[in-house]
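**Student:** Residues per chain are reported as follows:
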Amino acid sequence: RIMRPDDANVAGNVHGGTILKMIEEAGAIISTRHCNSQAGEPCVAALARVERTDFLSPVCIGEVANVSAEITYTSRHSVEVQVNVMSENILTGAKKVTNKATLWYVPLSLKNVNKVLEVPPIQYVRKEQEDEGKKRYEEQKLDRLETKQRNGDVIFPVINPEPHTVGYSQSSLIHLVGPSDCTLLGFVHGGVTMKLMDEVAGIVAARHCKTNIVTASVDAINFHEKIKKGSVITISGRMTFTSNKSMEIEVFVDADPFVDEPQERYRAVSAFFTYVSLSKEGKPLPVPQLLTETEDEKRRFEEGKGRYLQTKAKRQAQMQQAAR
Amino acid sequence: RIMRPDDANVAGNVHGGTILKMIEEAGAIISTRHCNSQAGEPCVAALARVERTDFLSPVCIGEVANVSAEITYTSRHSVEVQVNVMSENILTGAKKVTNKATLWYVPLSLKNVNKVLEVPPIQYVRKEQEDEGKKRYEEQKLDRLETKQRNGDVIFPVINPEPHTVGYSQSSLIHLVGPSDCTLLGFVHGGVTMKLMDEVAGIVAARHCKTNIVTASVDAINFHEKIKKGSVITISGRMTFTSNKSMEIEVFVDADPFVDEPQERYRAVSAFFTYVSLSKEGKPLPVPQLLTETEDEKRRFEEGKGRYLQTKAKRQAQMQQAAR
Amino acid sequence: RIMRPDDANVAGNVHGGTILKMIEEAGAIISTRHCNSQAGEPCVAALARVERTDFLSPVCIGEVANVSAEITYTSRHSVEVQVNVMSENILTGAKKVTNKATLWYVPLSLKNVNKVLEVPPIQYVRKEQEDEGKKRYEEQKLDRLETKQRNGDVIFPVINPEPHTVGYSQSSLIHLVGPSDCTLLGFVHGGVTMKLMDEVAGIVAARHCKTNIVTASVDAINFHEKIKKGSVITISGRMTFTSNKSMEIEVFVDADPFVDEPQERYRAVSAFFTYVSLSKEGKPLPVPQLLTETEDEKRRFEEGKGRYLQTKAKRQAQMQQAAR
Numbered sequence: 001r002i003m004r005p006d007d008a009n010v011a012g013n014v015h016g017g018t019i020l021k022m023i024e025e026a027g028a029i030i031s032t033r034h035c036n037s038q039a040g041e042p043c044v045a046a047l048a049r050v051e052r053t054d055f056l057s058p059v060c061i062g063e064v065a066n067v068s069a070e071i072t073y074t075s076r077h078s079v080e081v082q083v084n085v086m087s088e089n090i091l092t093g094a095k096k097v098t099n100k101a102t103l104w105y106v107p108l109s110l111k112n113v114n115k116v117l118e119v120p121p122i123q124y125v126r127k128e129q130e131d132e133g134k135k136r137y138e139e140q141k142l143d144r145l146e147t148k149q150r151n152g153d154v155i156f157p158v159i160n161p162e163p164h165t166v167g168y169s170q171s172s173l174i175h176l177v178g179p180s181d182c183t184l185l186g187f188v189h190g191g192v193t194m195k196l197m198d199e200v201a202g203i204v205a206a207r208h209c210k211t212n213i214v215t216a217s218v219d220a221i222n223f224h225e226k227i228k229k230g231s232v233i234t235i236s237g238r239m240t241f242t243s244n245k246s247m248e249i250e251v252f253v254d255a256d257p258f259v260d261e262p263q264e265r266y267r268a269v270s271a272f273f274t275y276v277s278l279s280k281e282g283k284p285l286p287v288p289q290l291l292t293e294t295e296d297e298k299r300r301f302e303e304g305k306g307r308y309l310q311t312k313a314k315r316q317a318q319m320q321q322a323a324r
Numbered sequence: 001r002i003m004r005p006d007d008a009n010v011a012g013n014v015h016g017g018t019i020l021k022m023i024e025e026a027g028a029i030i031s032t033r034h035c036n037s038q039a040g041e042p043c044v045a046a047l048a049r050v051e052r053t054d055f056l057s058p059v060c061i062g063e064v065a066n067v068s069a070e071i072t073y074t075s076r077h078s079v080e081v082q083v084n085v086m087s088e089n090i091l092t093g094a095k096k097v098t099n100k101a102t103l104w105y106v107p108l109s110l111k112n113v114n115k116v117l118e119v120p121p122i123q124y125v126r127k128e129q130e131d132e133g134k135k136r137y138e139e140q141k142l143d144r145l146e147t148k149q150r151n152g153d154v155i156f157p158v159i160n161p162e163p164h165t166v167g168y169s170q171s172s173l174i175h176l177v178g179p180s181d182c183t184l185l186g187f188v189h190g191g192v193t194m195k196l197m198d199e200v201a202g203i204v205a206a207r208h209c210k211t212n213i214v215t216a217s218v219d220a221i222n223f224h225e226k227i228k229k230g231s232v233i234t235i236s237g238r239m240t241f242t243s244n245k246s247m248e249i250e251v252f253v254d255a256d257p258f259v260d261e262p263q264e265r266y267r268a269v270s271a272f273f274t275y276v277s278l279s280k281e282g283k284p285l286p287v288p289q290l291l292t293e294t295e296d297e298k299r300r301f302e303e304g305k306g307r308y309l310q311t312k313a314k315r316q317a318q319m320q321q322a323a324r
Numbered sequence: 001r002i003m004r005p006d007d008a009n010v011a012g013n014v015h016g017g018t019i020l021k022m023i024e025e026a027g028a029i030i031s032t033r034h035c036n037s038q039a040g041e042p043c044v045a046a047l048a049r050v051e052r053t054d055f056l057s058p059v060c061i062g063e064v065a066n067v068s069a070e071i072t073y074t075s076r077h078s079v080e081v082q083v084n085v086m087s088e089n090i091l092t093g094a095k096k097v098t099n100k101a102t103l104w105y106v107p108l109s110l111k112n113v114n115k116v117l118e119v120p121p122i123q124y125v126r127k128e129q130e131d132e133g134k135k136r137y138e139e140q141k142l143d144r145l146e147t148k149q150r151n152g153d154v155i156f157p158v159i160n161p162e163p164h165t166v167g168y169s170q171s172s173l174i175h176l177v178g179p180s181d182c183t184l185l186g187f188v189h190g191g192v193t194m195k196l197m198d199e200v201a202g203i204v205a206a207r208h209c210k211t212n213i214v215t216a217s218v219d220a221i222n223f224h225e226k227i228k229k230g231s232v233i234t235i236s237g238r239m240t241f242t243s244n245k246s247m248e249i250e251v252f253v254d255a256d257p258f259v260d261e262p263q264e265r266y267r268a269v270s271a272f273f274t275y276v277s278l279s280k281e282g283k284p285l286p287v288p289q290l291l292t293e294t295e296d297e298k299r300r301f302e303e304g305k306g307r308y309l310q311t312k313a314k315r316q317a318q319m320q321q322a323a324r
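Chains as they are written, first to last, in full-length UniProt numbering: chain A, 1 to 324; chain B, 1 to 324; chain C, 1 to 324.
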């Protein structure tokens with residue numbers, strides 16, 4: 001579809017969250033269709049995880065985003081979907097790859113939302129495809145377990161913070177979950193949650209560097225808990241790390257399902273977003289360094305540095321391999 | 001209401017689809033009100049058909065669109081509504097007629113959506129009004145039967161198409177039907193469908209001519225099949241004909257009601273849209289000629305030429321009549 | 001227009017904020033049109049104030065809201081607009097008055113947004129109309145000055161608050177101002193701000209009583225400061241007072257115009273919203289009493305009680321007058 005002014009920031013760059021929402025919608029459609037392709041209980045595919053996603057080039061207002069999706073692996077209870085986004089300037093005809101994302105879905109019964117159904121197996125052209133898929137499946141399963149433990153953290157408000165400290169840019173947003181945010185099962189679309197997360201992370205980044213910013217990448221996101229229609233969700237973000245030209249922001253999503261049943265507030269999702277600041281010509285600008293004050297902030301900064309260096313090393317390895 | 005940036009293309013011209021959606025909403029309100037004006041089973045008026053509609057002048061961001069609707073004929077089971085759209089520049093006070101549209105609605109029972117109810121008859125000031133209305137009613141009935149047969153066509157993707165061929169500009173979009181897209185009966189508003197159709201047709205036109213384009217007219221659209229909440233709809237468009245300064249695009253809407261019942265995908269609507277390309281001063285520009293390759297493409301081009309010449313002849317006849 | 005699921009809460013009641021936004025759009029159209037009706041510098045009418053507004057009956061999904069607006073007084077630099085909203089159930093034909101609102105607009109030059117232009121005077125049918133209008137004008141002018149002073153207050157976060165305290169339900173929301181939120185001058189529509197304020201106030205009310213809530217009334221709102229496109233706005237709300245069956249919530253809007261120029265954050269608007277809790281049959285329910293802890297909270301509770309008793313007395317006087 002054509003990118004509209006509301007999809008973009010004042011500089012005309014489309015929000016990463018808008019792209020993530022489109023990706024997730026495509027993934028939900030193809031996996032729901034696949035899971036209902038055999039006779040049996042009707043179901044809706046729910047997003048369980050998105051692998052790390054890089055935003056390879058910014059998309060602008062007026063461009064058309066082409067989204068294509070393909071199922072690349074099925075386990076007994078989950079579906080792996082590969083989604084590609086190309087942006088096309090329909091005036092010049094120029095096309096660019098914007099994103100390649102990998103998403104995992106789980107089919108939930110339409111009659112009983114707590115029941116996970118079986119996934120019809122797909123056919124592989126080559127045996128290796130199935131083996132590689134299985135390896136990816138095992139890896140993500142392990143990572144999901146790990147994040148489940150990390151998820152207990154809370155962002156505390158800071159009074160009168162200094163510029164460039166963590167407290168200065170941290171932000172939060174509340175959102176009342178409406179009908180259009182939800183699937184047929186009455187739970188929030190993963191893509192809607194990711195869009196809100198990107199919105200908060202973008203505000204944190206902009207408050208820190210006070211220049212035009214764009215989403216550069218999103219680390220793997222695990223959706224451990226569903227969020228019901230009518231809930232209030234609080235999305236909070238804080239900066240954890242800055243390199244010379246990038247900022248890492250951690251985002252938490254907490255749900256308050258208070259209307260129907262006075263259940264406790266719970267952590268539904270958390271993730272790391274990376275932003276860069278762009279000049280008017282689209283070049284990355286240096287960003288102000290994050291001032292860490294407490295022990296926790298220093299520890300999180302070091303952890304962020306670890307993730308940054310690891311990603312950088314992985315990317316260099318890939319480039320060397322590609323150059324051979 | 002005031003036209004917003006999201007309602008318009010990058011040149012500031014409001015999308016024809018936004019106007020069509022407003023027209024349909026006005027028509028749905030007036031005809032639902034009329035069909036419930038007598039005691040009896042409550043019902044919701046569903047759009048059955050929109051007559052050919054010309055876009056007489058483009059609307060811009062910041063202008064106010066005034067929509068007025070009037071019931072002009074009733075048959076036993078259908079209502080004809082005339083909707084006029086005026087755009088008003090509230091800064092200068094200038095008003096222009098933008099559209100005159102004729103829509104046909106059918107009252108469906110709120111309790112049983114497959115039951116068509118009877119329409120309370122309206123009073124005519126003059127006997128001729130009723131006769132003319134009846135003639136329009138018979139004509140549209142005939143036309144509806146014809147399009148029902150044409151509806152089987154499918155758009156196949158083309159790999160590495162040449163510029164200005166049919167395959168080069170053809171486009172498609174998928175949309176998951178959400179609650180706000182639907183009437184009280186749980187079926188998609190005709191206006192929502194038309195807005196999506198205009199969006200796809202606009203992308204096809206812009207891909208072909210790579211300049212600023214606006215909707216010039218829409219041929220009669222027949223809504224043969226309802227689309228249910230939760231369906232996935234695929235809207236596809238391909239260019240069929242070009243004159244010196246206009247492009248005709250055929251648009252298909254297919255619905256996949258895959259979640260609830262594993263029914264087959266079906267063709268819900270199809271229509272022809274005509275676009276022109278505008279210079280910065282608002283003058284129509286020449287458009288590149290469509291290159292037809294296959295026999296089918298050549299046949300569709302000739303058919304489009306037929307429609308084009310017929311419309312041109314009709315318009316000239318009207319102008320001569322008006323000049324007398 | 002037809003009320004959609006997205007306009008309403010889970011119980012199907014349309015949000016007060018949606019109605020306020022429609023009211024303001026109607027007021028902006030009629031006053032912009034009036035202020036440009038004489039030759040001279042083109043201008044856009046900006047919302048300066050909304051008088052206290054009561055929500056007389058809830059509107060439901062599927063109903064049509066009819067909005068009508070009329071200019072009732074003009075001073076040299078401002079326009080008073082009276083807007084009435086009727087909700088209509090188009091199935092039964094039943095109509096109810098939903099709102100009567102009075103809004104004040106000021107014409108700002110399109111070329112220089114800081115320049116307030118002169119308003120063309122309107123004609124009054126009776127001399128008393130002008131005198132009464134002038135009285136209303138003087139009253140609102142006085143009230144605007146008063147609120148300007150109150151505006152310095154700030155909401156501090158509370159850690160681990162007890163249920164039914166002020167800290168327990170207080171909430172805040174950040175919003176990045178997009179193009180569709182703004183007028184031609186590039187400043188946020190008053191209606192957009194009011195919709196966001198109602199959203200936050202509604203969340204505060206729901207968090208406090210954990211039942212279905214609806215907006216009952218909004219006290220006069222003064223728009224002292226404009227908010228520019230690209231700003232981040234923080235909307236915060238806290239409960240100030242509870243009667244047996246109503247809750248008063250104070251809402252603050254702060255703007256951060258950080259992208260363009262590193263200006264300081266400023267208070268743009270503040271207002272009091274009153275909510276009631278409704279049973280499934282639409283009857284008002286008792287609400288839990290607000291627990292006040294600090295001196296400030298107790299003072300604000302007493303002030304809220306004063307406003308509540310004053311409104312009650314005024315309403316009784318009106319009813320007695322009407323009964324005569």
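Because the hints were derived from the structure by calculation, they are not lab data.
Be careful, since some hints might not be right.
You can't tell identical chains apart in this list, so a pair holds if it fits in one copy or across any two.
[To be verified] List of simulated lysine to any residue pairs, SDA-like, C-alpha gap at most 25 Å:
hint : residue 1 : residue 2
1    : Lys127    : Leu278
2    : Lys298    : Pro288
3    : Lys228    : Cys182
4    : Lys229    : Ser109
5    : Lys111    : Gly186
6    : Lys226    : Leu184
7    : Lys96     : Thr165
8    : Lys96     : Leu184
**Student:** Is it within, between, both or neither when you check Lys96 against Leu184 at 25 Å Cα-Cα?
**Tutor:** Cα proximity of Lys96 and Leu184: across copies only (20 Å, versus 34 Å in one copy).
**Student:** Is it within, between, both, or neither for Lys298 and Pro288, if the alpha carbons may be no more than 25 Å apart?
**Tutor:** within (16 Å within a copy, 43 Å between copies)
**Student:** With identical chains treated as interchangeable, where does the CA-CA distance between Lys127 and Leu278 reach 25 Å or less: within a copy, between copies, both, or neither?
**Tutor:** This pair counts as neither: shortest intra-copy Cα distance 44 Å, inter-copy 52 Å.
**Student:** Can you tell me if Lys111 and Gly186 fall within 25 Å by alpha carbon in one copy, between copies, both or neither?
**Tutor:** Result: close both inside a copy and across copies, 12 Å intra and 19 Å inter.
**Student:** Please work out whether the CA atoms of Lys226 and Leu184 approach to 25 Å or closer within one copy, between two copies, in both situations, or in neither?
**Tutor:** both (13 Å within a copy, 18 Å between copies)
**Student:** Is it within, between, both, or neither for Lys228 and Cys182, if the alpha carbons may be no more than 25 Å apart?
**Tutor:** Both ways: Lys228 and Cys182 sit 8 Å apart in one copy and 16 Å across, limit 25 Å.
**Student:** How do Lys96 and Thr165 come out at 25 Å by Cα distance, when the copy is not named: within, between, both, or neither?
**Tutor:** between (37 Å within a copy, 22 Å between copies)
**Student:** Classify it for me, Lys229 with Ser109: is the Cα-Cα distance of at most 25 Å met within a copy, between copies, both or neither?
**Tutor:** Answer is both; intra-copy 17 Å and inter-copy 18 Å each pass.
In terms of the numbered hints stated before, the structure departs from hint 1 and from no other.
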